[in-house]
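Let the sequences and hints guide you as you build the complete structure.
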Amino acid sequence: MSNLLIVIIVFGLGAIGFLIGRNRAMASGEGDMRNLHSLPFYYGANVGFSTMIPAIGVLALWLIAQPFAINNAVSGMLSADNIEAAGSRSLVMSDVRRVSEGLDAAVTQGVLARDEASEIAFDTTDVRALLASVGVALGSEVSADTLRAAQRYRVMANRGNLLKTIAVIAAALAGLAMSYRATTKDFRARNVVERGVLMLLICAASIAVLTTLGIILSLIFNTIEFFRLYAASEFFLGLRWNPSFSGRGGGSELGILPLLWGTLYISFVALLVAVPLGLFAAIYLSEYASKRVRSVAKPLLEILAGIPTIVYGLFALLTVGPLLVDVFGNDGLLGVGWMSGGTAVMTAGLVMGIMLIPFVSSLSDDIINAVPQAMRDGSYGLGATQSETVRQVILPAALPGIVGAILLAASRAIGETMIVVLGAGAAARLSLNPFEAMTTVTAKIVSQLTGDSDFASPEALVAFALGITLFVITLGLNIFALYIVRKYREQYD
Amino acid sequence: MEDMVHVERAMSTQQDIKIKANTVQVYYGENHAIKDVDVEIADKTVTAFIGPSGCGKSTFLRCINRMNDTIDICRVEGDILIDGEDIYHPNVDPVQLRAKVGMVFQKPNPFPKSIYDNVAYGPKIHGLARNKAELDEIVEKSLRKAALWDEVKDRLDAAGTGMSGGQQQRLCIARAIATQPEVLLMDEPCSALDPIATAQVEELIDELRQSFSVVIVTHSMQQAARVSQKTAFFHLGNLVEFDDTDKIFTNPQDPRTESYISGRIG
Chain Z
2 MSNLLIVIIV
12 FGLGAIGFLI
22 GRNRAMASGE
32 GDMRNLHSLP
42 FYYGANVGFS
52 TMIPAIGVLA
62 LWLIAQPFAI
72 NNAVSGMLSA
82 DNIEAAGSRS
92 LVMSDVRRVS
102 EGLDAAVTQG
112 VLARDEASEI
122 AFDTTDVRAL
132 LASVGVALGS
142 EVSADTLRAA
152 QRYRVMANRG
162 NLLKTIAVIA
172 AALAGLAMSY
182 RATTKDFRAR
192 NVVERGVLML
202 LICAASIAVL
212 TTLGIILSLI
222 FNTIEFFRLY
232 AASEFFLGLR
242 WNPSFSGRGG
252 GSELGILPLL
262 WGTLYISFVA
272 LLVAVPLGLF
282 AAIYLSEYAS
292 KRVRSVAKPL
302 LEILAGIPTI
312 VYGLFALLTV
322 GPLLVDVFGN
332 DGLLGVGWMS
342 GGTAVMTAGL
352 VMGIMLIPFV
362 SSLSDDIINA
372 VPQAMRDGSY
382 GLGATQSETV
392 RQVILPAALP
402 GIVGAILLAA
412 SRAIGETMIV
422 VLGAGAAARL
432 SLNPFEAMTT
442 VTAKIVSQLT
452 GDSDFASPEA
462 LVAFALGITL
472 FVITLGLNIF
482 ALYIVRKYRE
492 QYD
Chain D
8 MEDMVHVERA
18 MSTQQDIKIK
28 ANTVQVYYGE
38 NHAIKDVDVE
48 IADKTVTAFI
58 GPSGCGKSTF
68 LRCINRMNDT
78 IDICRVEGDI
88 LIDGEDIYHP
98 NVDPVQLRAK
108 VGMVFQKPNP
118 FPKSIYDNVA
128 YGPKIHGLAR
138 NKAELDEIVE
148 KSLRKAALWD
158 EVKDRLDAAG
168 TGMSGGQQQR
178 LCIARAIATQ
188 PEVLLMDEPC
198 SALDPIATAQ
208 VEELIDELRQ
218 SFSVVIVTHS
228 MQQAARVSQK
238 TAFFHLGNLV
248 EFDDTDKIFT
258 NPQDPRTESY
268 ISGRIG
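Sequences listed follow chains Z and D, in order.
In our numbering, each number is its position in the first sequence, counted from 1, plus 1.
In our numbering, each number is its position in the second sequence, counted from 1, plus 7.
It is worth saying that the hints were derived from the structure and are not from the lab.
One thing to keep in mind: the hints can contain errors.
[As the list claims (entries may be wrong)] Negatives, chain Z to chain D, calculated, CB over 10 angstroms:
id, residue
1, 12
2, 16
3, 133
4, 226
5, 229
6, 235
7, 239
8, 254
9, 286
10, 289
11, 291
12, 311
13, 323
14, 342
15, 380
16, 389
[To be verified] Simulated restraints, written as ranges between beta carbons of each label pair:
id, chain 1, residue 1, chain 2, residue 2, range
17, Z, 478, D, 32, 54 to 62 angstroms
18, D, 93, Z, 478, 53 to 61 angstroms
19, Z, 334, D, 107, 50 to 58 angstroms
20, D, 27, Z, 386, 24 to 32 angstroms
21, Z, 386, D, 34, 20 to 28 angstroms
22, Z, 488, D, 45, 48 to 56 angstroms
23, D, 34, Z, 189, 41 to 49 angstroms
24, Z, 298, D, 261, 50 to 58 angstroms
25, D, 203, Z, 386, 33 to 41 angstroms
26, Z, 480, D, 202, 44 to 52 angstroms
[As the list claims (entries may be wrong)] Just some of the chain Z residues that point at chain D, by a computed CB distance under 10 angstroms:
id, residue
27, 292
28, 371
29, 373
30, 375
31, 376
32, 377
33, 378
34, 379
35, 381
36, 383
37, 384
38, 385
39, 386
40, 393
Computed from a predicted structure; not experimentally measured.
Ideal Cβ placement from N, Cα and C applies to all residues, glycine included.
Right, here's the structure in full:
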């Protein structure tokens with residue numbers, strides 16, 4: 002029976018459980034809702050959930066465990082020769098699975114009788130031709146070993162599926178029966194459902210946390226693999242980024258410093274643009290603008306946050322870059338010749354700064370608005386002007402929040418990819434000239450993993466090491482932000 | 008009747024008129040909050056505004072230093088003169104005016120700064136001190152006047168927000184008098200304080216009378232009776248009665264005043 006069908010049956014049982022649970026509760030309360038401990042809905046929900054949740058749990062566990070169990074049992078049957086010929090155990094196992102699926106298909110299409118599928122032998126039947134006739138193409142001839150393993154695999158899988166169906170439906174029925182029996186007018190169904198809701202919320206929260214953990218673990222394992230192939234000291238202290246992709250292996254120089262420098266330089270330029278503009282915009286919106294202006298201007302500013310970063314990248318590449326060359330280039334307005342091409346730290350930094358304005362302004366605006374009116378009144382009452390009030394009373398009071406907003410923007414800037422790919426160029430370079438092309442950690446992660454990459458080579462695995470370095474930096478930044486916010490909050494509350 | 012006129016004349020010659028309001032009207036949008044208020048507030052006296060909630064006494068108080076300007080929908084008509092000058096004249100800078108007419112609010116609102124910086128805030132923005140020594144002197148003088156110096160002189164760098172409610176309110180008073188105002192407006196300065204802190208602030212108000220004209224809004228009739236020399240009773244936006252405090256509380260002329268004082272309205 003297919004999993005979908007099983008799930009449908011379980012849900013059906015749950016729905017039935019809901020109805021009969023509610024009816025039983027009503028009956029035990031002699032048809033009067035006021036005699037019950039909880040509303041009838043809660044009794045129904047209790048029975049329904051007790052039916053569905055354990056059953057779905059069993060199904061999920063089974064789906065995870067069964068492939069492991071069968072793989073272990075079957076792969077023991079494969080001979081060492083066979084594995085060596087194919088190159089690895091997992092390749093042979095995927096052959097086995099494919100043959101077993103093919104046999105299944107042959108049975109359902111009537112080419113083979115039910116018993117025949119487990120009886121056909123290697124020397125009597127051309128398995129490859131047989132399976133091809135039912136639409137399952139195999140890459141190579143099927144060996145005796147593989148065929149036997151596939152037959153065994155098929156039998157075990159069928160038996161497992163049958164057991165799974167029985168176990169799941171039994172769990173559903175058991176849950177149904179137990180909760181149905183417990184349903185009497187004094188049963189505290191409302192409290193039980195409340196606890197169920199709590200569990201649901203905890204599950205939702207833990208999925209987010211576990212995903213984060215999973216991401217970190219996958220990064221860590223690949224990073225460890227990378228450092229086995231490439232010296233950590235060269236990675237962290239190397240001044241050159243020069244990966245070779247010729248497949249000859251070796252000869253790559255994978256120093257992170259040029260990339261880190263590019264990242265920090267571009268982020269710095271971006272923050273130099275975003276922080277003053279965003280902060281001034283926030284101050285204008287929250288302190289000076291009339292209600293009408295505010296109601297129009299704030300959403301307009303926030304539109305900036307909704308523009309996809311690739312569009313910003315295009316803007317950098319096609320508009321800002323050439324414009325900067327016109328000013329700072331060889332034949333530019335200033336005639337200084339600092340800039341030779343459109344892609345540069347300045348181009349990416351300026352555009353990224355514009356992208357970050359709404360991050361800074363929107364958060365700062367909320368924070369400034371949260372400063373109590375009493376502070377403003379106190380300052381105005383002493384004869385301070387608006388800008389004196391903003392500078393000396395409101396900004397200091399809002400500072401922790403503003404610092405938080407800025408650090409959040411910094412995290413965004415460090416993690417930004419598309420604008421850098423299009424705006425800053427691809428040359429890894431340690432230079433102070435902001436009009437030169439540079440590249441960032443994120444952009445290099447993209448270029449190392451796109452195209453044909455062999456995941457066993459240091460050139461590809463370096464992406465994970467870069468990723469985890471970036472992660473550690475942004476994490477550190479966030480912790481620092483929290484620290485600052487806490488420290489100032491103690492002082493100002 | 009003859010006697011009363013005589014007494015009034017005697018008072019007005021004896022004490023200069025500091026603030027004079029002529030037919031003041033205040034509107035919040037469509038709402039007519041203050042109707043035809045005429046009042047003369049003497050220098051170096053404490054004048055109390057009493058009345059039930061929403062009667063307009065705080066609104067009128069905030070007109071005297073133009074704090075209502077910060078509210079968009081608020082509109083003020085009529086004249087308010089301080090030392091004979093119309094404070095709503097277009098040539099008057101409300102920022103300068105507020106330096107001259109200090110204000111203390113209902114809830115203590117010290118800035119999130121040190122005690123010193125709180126008091127030094129006004130003198131700094133108005134350039135009252137030429138150097139650090141002068142500023143120190145102003146801060147000390149203000150804190151002494153506010154009866155706070157002895158409690159805080161060893162911790163001037165501590166946060167103003169870390170003090171007790173009564174200390175915070177006295178800090179706000181010190182902050183207001185540091186700009187050397189001529190009039191001090193107090194909007195229910197004791198409503199967030201406990202009885203002991205209230206007593207301290209009331210004592211302080213009595214001392215401040217030496218140097219300023221003090222106008223205080225209060226909900227407590229006992230407080231008005233204790234601290235003020237003149238009392239104005241507001242009701243539904245009208246100034247019902249304005250007279251010596253003793254007279255208001257012992258022999259009110261208007262039946263509404265009498266009802267309020269004896270607890271029948273409000």
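Next on the checklist: For residue 323 of chain Z, is the shortest CB-to-CB distance to chain D above 10 angstroms, so the non-interface label stands?
Outcome noted: Given that every Cβ of chain D is farther than 10 angstroms from that of residue 323 of chain Z, nearest at about 46 angstroms, it holds.
Item to check | Interface hint outcome for residue 375 of chain Z [beta carbon to chain D under 10 angstroms] | outcome: holds, 4 angstroms
Item to check | residue 371 of chain Z as an interface hint toward chain D, with CB separation required under 10 angstroms | outcome: Since the shortest Cβ distance to chain D is 13 angstroms, the answer is violated.
Next on the checklist: Does the beta carbon distance between residue 478 of chain Z and residue 32 of chain D stay inside 54 to 62 angstroms, or does it fall outside?
Outcome noted: For residue 32 of chain D against residue 478 of chain Z, whose Cβ atoms are near 57 angstroms apart, the range 54 to 62 angstroms holds.
Item to check | Cβ separation check - residue 239 of chain Z to all of chain D, threshold 10 angstroms | outcome: holds, 47 angstroms
Checklist entry - Measuring from the C-beta of residue 383 of chain Z to each C-beta in chain D, is the shortest one below 10 angstroms? => result holds, 4 angstroms
Next on the checklist: Let's test the interface hint: is any C-beta of chain D closer than 10 angstroms to that of residue 379 of chain Z?
Outcome noted: Holds: closest Cβ of chain D sits about 4 angstroms from residue 379 of chain Z, inside 10 angstroms.
Item to check | Interface hint status, residue 373 of chain Z versus chain D (Cβ within 10 angstroms) | outcome: With Cβ-Cβ at 7 angstroms, under 10 angstroms, it holds.
Checklist entry - Would you say the C-beta atoms of residue 488 of chain Z and residue 45 of chain D sit inside 48 to 56 angstroms of each other? => result holds, 54 angstroms
Item to check | Distance restraint evaluation - residue 386 of chain Z, residue 34 of chain D, Cβ atoms, bounds 20 to 28 angstroms | outcome: holds, 26 angstroms
Checklist entry - In terms of Cβ atoms, is chain D entirely out of 10 angstroms range of residue 380 of chain Z? => result With a cut-off of 10 angstroms, residue 380 of chain Z comes too close to chain D, as the shortest Cβ separation is near 7 angstroms.
Checklist entry - Does the hinted range 50 to 58 angstroms hold for residue 334 of chain Z and residue 107 of chain D at CB? => result holds, 53 angstroms
Of the numbered hints stated above, those contradicted by the structure are hints 11, 15, 16, 23, 28, listed in ascending order.
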